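Peer 1: Could you build all of it, start to finish, from the sequences and the hints given here?
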Amino acid sequence: MSSKIHYQWKCFSVEEQAHLLPNNKQVNFTTIKHPGAVVIIPINSQGHIVLVNQYRPAIKQWILEFPAGTLEPNEDVFECAKRELAEEVNLKAESWQSLGELLPVPSFCDEIQYLFVATDLTPTIGELDDDEIIEVVTLSVQQVEQKIAQNEIQDNKTLAAFLKARIAGYL
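For the sequence shown, the UniProt record's numbering begins at 1 and goes up steadily by one.
Just so you know, these hints were derived from the structure itself, not from any lab. Keep in mind that the hints are not guaranteed to be accurate.
[As the list claims (entries may be wrong)] In the SDA-like style, the derived pairs of lysine to any residue whose C-alpha atoms are separated by at most 25 Å in a straight line are:
(1) LYS25 with PRO106
(2) LYS157 with THR70
(3) LYS25 with HIS6
(4) LYS33 with GLU16
(5) LYS92 with SER45
(6) LYS33 with VAL77
(7) LYS60 with LYS157
(8) LYS164 with ILE112
(9) LYS82 with VAL27
(10) LYS33 with GLN8
(11) LYS82 with THR70
(12) LYS157 with TRP9
(13) LYS25 with SER3
(14) LYS60 with GLN146
(15) LYS164 with GLN146
(16) LYS164 with PHE78
(17) LYS82 with LEU163
(18) LYS4 with GLU72
(19) LYS25 with VAL105
(20) LYS147 with TYR55
(21) LYS164 with ILE125
(22) LYS4 with PHE108
(23) LYS92 with THR124
(24) LYS147 with TRP9
(25) LYS10 with THR70
(26) LYS10 with ASP129
(27) LYS10 with ASP110
(28) LYS10 with LYS82
[As the list claims (entries may be wrong)] The following label-pair restraints were derived from C-beta to C-beta distances:
(29) ALA58 with THR138: 24 to 30 Å
(30) GLU152 with LYS25: 42 to 48 Å
(31) SER45 with SER13: 24 to 30 Å
This structure is a prediction, so every number in the text was calculated from the model and none was measured. Glycine included, every Cβ here is placed at the ideal spot set by N, Cα and C.
Peer 2: Pasting the structure below:
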């Protein structure tokens, strides 16, 4: 199938492809190509959750969310999770559990988000990316639930990862 890249920026691209649908109809479809990302749910020794309050220029708002980040070229997802935990909240974890994957916007983007629970946390030194403005926030599970109920947490990856962690018994 043929494809054409319409736009490239950092590690993202907008690509148009001819695609054969399951009903054998061929269509042109535009996809945002994304290298994938990790989402980390850091849980401290008191059972509290470490989040980030991050300014998101696309919506010109501060968003309360779990630490997360985009995979570098050829980077292992677990190594990316460790890197992002250090960069965004200055923590490292001795214990890691995978919670599976999310497809945040499969209607037009091929991104896969890999979810992790991180525990046995200790301080470390990380360095934010140049375009990140982050405040670290630690909340109890009940406080997170209250913020969800009050629409103060709207980020889809955070909502889905919180639910998966809750169902799996980590929270």
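Peer 1: All hints are to be evaluated individually against the structure, with a verdict given for each.
Peer 2: Going down the list of hints, with the structure as the test:
{"no.": "1", "hint": "LYS25 with PRO106", "in the structure": "holds, 20 Å"}
{"no.": "2", "hint": "LYS157 with THR70", "in the structure": "holds, 13 Å"}
{"no.": "3", "hint": "LYS25 with HIS6", "in the structure": "holds, 23 Å"}
{"no.": "4", "hint": "LYS33 with GLU16", "in the structure": "holds, 10 Å"}
{"no.": "5", "hint": "LYS92 with SER45", "in the structure": "holds, 13 Å"}
{"no.": "6", "hint": "LYS33 with VAL77", "in the structure": "holds, 17 Å"}
{"no.": "7", "hint": "LYS60 with LYS157", "in the structure": "holds, 18 Å"}
{"no.": "8", "hint": "LYS164 with ILE112", "in the structure": "holds, 16 Å"}
{"no.": "9", "hint": "LYS82 with VAL27", "in the structure": "violated, 40 Å"}
{"no.": "10", "hint": "LYS33 with GLN8", "in the structure": "holds, 9 Å"}
{"no.": "11", "hint": "LYS82 with THR70", "in the structure": "holds, 12 Å"}
{"no.": "12", "hint": "LYS157 with TRP9", "in the structure": "holds, 23 Å"}
{"no.": "13", "hint": "LYS25 with SER3", "in the structure": "holds, 17 Å"}
{"no.": "14", "hint": "LYS60 with GLN146", "in the structure": "holds, 24 Å"}
{"no.": "15", "hint": "LYS164 with GLN146", "in the structure": "holds, 17 Å"}
{"no.": "16", "hint": "LYS164 with PHE78", "in the structure": "holds, 18 Å"}
{"no.": "17", "hint": "LYS82 with LEU163", "in the structure": "holds, 22 Å"}
{"no.": "18", "hint": "LYS4 with GLU72", "in the structure": "holds, 23 Å"}
{"no.": "19", "hint": "LYS25 with VAL105", "in the structure": "holds, 23 Å"}
{"no.": "20", "hint": "LYS147 with TYR55", "in the structure": "holds, 17 Å"}
{"no.": "21", "hint": "LYS164 with ILE125", "in the structure": "violated, 29 Å"}
{"no.": "22", "hint": "LYS4 with PHE108", "in the structure": "holds, 15 Å"}
{"no.": "23", "hint": "LYS92 with THR124", "in the structure": "holds, 6 Å"}
{"no.": "24", "hint": "LYS147 with TRP9", "in the structure": "violated, 34 Å"}
{"no.": "25", "hint": "LYS10 with THR70", "in the structure": "holds, 11 Å"}
{"no.": "26", "hint": "LYS10 with ASP129", "in the structure": "holds, 13 Å"}
{"no.": "27", "hint": "LYS10 with ASP110", "in the structure": "holds, 16 Å"}
{"no.": "28", "hint": "LYS10 with LYS82", "in the structure": "holds, 22 Å"}
{"no.": "29", "hint": "ALA58 with THR138: 24 to 30 Å", "in the structure": "holds, 26 Å"}
{"no.": "30", "hint": "GLU152 with LYS25: 42 to 48 Å", "in the structure": "holds, 44 Å"}
{"no.": "31", "hint": "SER45 with SER13: 24 to 30 Å", "in the structure": "violated, 42 Å"}
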